[in-house]
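Asker: Sequences are here, hints too, so could you generate the full structure?
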Amino acid sequence: MLKISNLHAGIENNEILKGINLEVKAGEVHAIMGPNGSGKSTLASVIAGKEEYEVTEGSVVLDGEDLEDAAPEERAHKGIFLSFQYPVEIPGVSVTNFMKTAINEGRKARGLEDMPAKDMLKLIREKAELLEIDRKFLSRSLNEGFSGGEKKRNEIFQMAMLEPKLAILDETDSGLDIDALRIVANGVNKLKSKDNAVIVITHYQRLLDYIVPDFVHVLHQGKIVKSGTKELAHELEDKGYDWIKQETAI
Amino acid sequence: MAYTEEELKKELENKEYEYGFYTDIESDTFPVGLNEEIVIAISKKKEEPAWMTEWRLEAFKAWKQMEEPDWANITYKKPDFQAISYYSAPNSKPKYDSLDEVDPELLDTFKKLGISLDEQKKLAGVAVDIVMDSVSVATTFKKTLAEKGIIFCSISEAIKEHPELVRKYIGTVVPQKDNFYAALNSAVFSDGSFCYIPKGVRCPMELSTYFRINQAGTGQFERTLVIADEGSYVSYLEGCTAPSRDENQLHAAVVELIALDDAEIKYSTVQNWFPGDKEGKGGVFNFVTKRGICHKNSKISWTQVETGSAVTWKYPSCILKGDNSIGEFYSIAVTNNYQQADTGTKMVHIGKNTRSTIISKGISAGKSQNSYRGLVQVNSRAENARNFSQCDSLLMGNECGAHTFPYIEAKNKSAQIEHEATTSKIGEDQIFYCNQRGIDTEKAIALIVNGFSKEVLNKLPMEFAVEAQKLLEISLEGSVG
Ligand SMILES: Nc1ncnc2c1ncn2[C@@H]1O[C@H](COP(=O)(O)OP(=O)(O)OP(=O)(O)O)[C@@H](O)[C@H]1O
Ligand SMILES: [Mg+2]
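Top to bottom, those sequences are chains A and B.
Number 112 in full-length UniProt numbering belongs to position 112 of the first sequence; there are no gaps in the numbering.
Number 387 in full-length UniProt numbering belongs to position 387 of the second sequence; there are no gaps in the numbering.
It is possible that some hints are incorrect.
To be verified - Derived pair list, reagent style DSS-like, types lysine-lysine, alpha-carbon separation capped at 25 Å:
| no. | chain 1 | residue 1 | chain 2 | residue 2 |
| --- | --- | --- | --- | --- |
| 1 | A | Lys136 | A | Lys122 |
| 2 | B | Lys77 | B | Lys411 |
| 3 | B | Lys454 | A | Lys100 |
| 4 | B | Lys454 | A | Lys151 |
| 5 | A | Lys122 | A | Lys78 |
| 6 | A | Lys165 | A | Lys100 |
| 7 | B | Lys470 | B | Lys281 |
| 8 | A | Lys194 | A | Lys3 |
| 9 | B | Lys470 | A | Lys108 |
| 10 | B | Lys177 | B | Lys321 |
| 11 | A | Lys136 | A | Lys100 |
| 12 | B | Lys321 | B | Lys346 |
| 13 | B | Lys454 | B | Lys296 |
| 14 | A | Lys136 | B | Lys454 |
| 15 | B | Lys177 | B | Lys61 |
| 16 | B | Lys367 | B | Lys296 |
| 17 | B | Lys425 | B | Lys411 |
| 18 | A | Lys100 | B | Lys411 |
| 19 | A | Lys165 | A | Lys136 |
| 20 | B | Lys425 | A | Lys50 |
| 21 | B | Lys425 | A | Lys151 |
To be verified - Simulated restraints, written as ranges between beta carbons of each label pair:
| no. | chain 1 | residue 1 | chain 2 | residue 2 | range |
| --- | --- | --- | --- | --- | --- |
| 22 | A | His234 | B | Glu420 | 50 to 60 Å |
| 23 | A | Glu65 | B | Asn458 | 52 to 62 Å |
| 24 | A | Glu65 | B | Glu420 | 45 to 55 Å |
| 25 | B | Thr422 | A | Gly37 | 31 to 41 Å |
| 26 | B | Gln390 | A | Thr229 | 50 to 60 Å |
| 27 | B | Asn398 | A | His234 | 47 to 57 Å |
To be verified - Residues from chain B that face chain A, not an exhaustive set, calculated with beta carbons under 7 Å:
| no. | residue |
| --- | --- |
| 28 | Phe432 |
| 29 | Asp440 |
| 30 | Leu447 |
| 31 | Ile448 |
| 32 | Lys454 |
Note that these hints are calculated values from the structure, not bench results.
All of these numbers come straight from a predicted model, not from anything done at the bench.
Where is the CB? At the ideal position from N, CA and C, for every residue including glycine.
Answerer: So, in structure tokens, the structure goes:
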């Protein structure tokens, strides 16, 4: 589904990603771990098409199509979803209105009419229930005054609404309490199928107990320096990153 | 606030000022220049009584002694007042029983403006008095209004048919000598609207007037007088569009509102005069004096959405004379490219327990300058006056400016005055967030701007809110990226 080859990207002569190779197939869950500042969020942004970052080498290919020239909204229409590490606030725009706009823009791109209000309402209700979100919450301004955990849960609510092909969850677990973590992870698992894929960026093994990865990758200084199965995450939890840093320094 | 996205898309595709067409109707236009003879000629042309002519001449005398003010945060080439023609009327029959009699080309113009009568009928409950180049062309729903004793007509007609009302109230809120532009308007006003709601009557429909400037080189001097008698209620809508022109066009209107005891007036404006092109060429100069007086327990609300004009100088104000009276000002002012706006309000608290609310939303893009200027004045006898002001500015890009000039003069210790101000920028992160959800940048800006303006948009009557939302989107089109 997603094939990243020798990806180099950065900002103003400062190379952040230094040759990333990653292949994600339909039905798979990949976890990306790595120390602070190693480039995890940057990788997520580059996949989503953030223009601030310049891709200097390599490619990101989705379903056989090179995304080089695709605008962020086009990538979204193709089924890429990013749950942000730091979701932004949009004052005065309710969660409902925002989702309605997002869904209808996606439909427009596929040549469909706007979703009838009745269906929209039903969908919103259903997904709000899945993530145990109070419907009053949905008429509040997007992310404005939301607690850290509420923001993250709201990101996954949006994911549930948009049903993406490839979801990238950037530290969705940070800020969630234990119950919320379970609810959010359950939500993600319910949305999983053999046709879609998830990339989970996290610092903690805890989330991976719920969303079980098929592969775990360690990103360090802009490169994937180690890949393994879910046992690798346990090993990192026990030993930290030093041993990997040493391994790669050689 | 539903609006179809197809409509929106169509509008966005049309990047140039969409109302930039010009109706070719033979006009009866005066020679350029201003002197006593011209003032008298205007009055005569309109078959006015002698007192009106006198009143105009007094204003003209005062105006000659006055100087164009320059304290506002705007720079422009001062108009040459002797190079303007002060009267222009469509050269057709002044009165129609039905629209069938109206020049088809004129009707076509209305269609282009999106105010065809067909549409108006759909917007049930809206009476439209269309003022085109100074003379009232069509008035609808007049009969329904007449049954309630409501008078809604052109000011020229009111001067003839209801001289006692006009004479009693005209210039009582905005005196002839009030300021340079008001004096000019008083001398040469060509037409405008008049509205009287009798005691205890609730006007059953929104009263709506569409203005437009049509003749090149013709100044527009509208005069509006709205009187809500004791215990009455009226909601008045004013919308403006103008065709594009290379030379700057002057617009100096005066609006006077009178809310007698226990009355309420809601006055909503969507202003979309030609703002000039992307290089800052052309555009309307809009120097407006709008003021209302509130008697006991009465209320006046000004709501405005200002997206047009090259230069805007406008401060809809309330004189809270009566005890327990309420003044409100809700404003969205958008400036793009080289537009300049200096707008705000004045709330003058005279009566006891008077309250005022000011919500101002300024949106600046391009190389534009957007200033809020507000005065809250509490007189010594105004016990327990309260004011709440909130001024929010939204900036797009690095070349525009937002400024706030709040003035407070409180002469009574019991006054409670609160002022809040914020300035924010549409961030690339906000736009990327929207993009990532499949919303393109244009739409994302519209969404963010609408969110920012929501408190004010919510104050507008429904049909107007939809139109205003579209206008916001159109006027900010292409301003980021
Ligand atoms: N817009 C930017 N401008 C300047 N430097 C940037 C920018 N974005 C990322 N960087 C730098 O690139 C490096 C990688 O940042 P990134 O946010 O991808 O790290 P991360 O792996 O997600 O870290 P964390 O675990 O703390 O979230 C950091 O050194 C960061 O400072
Ligand atoms: Mg990160």
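Asker: Which numbered hints does this structure break?
Answerer: Hint check: 2, 13, 16, 17, 18, 19, 23 fail, others pass.
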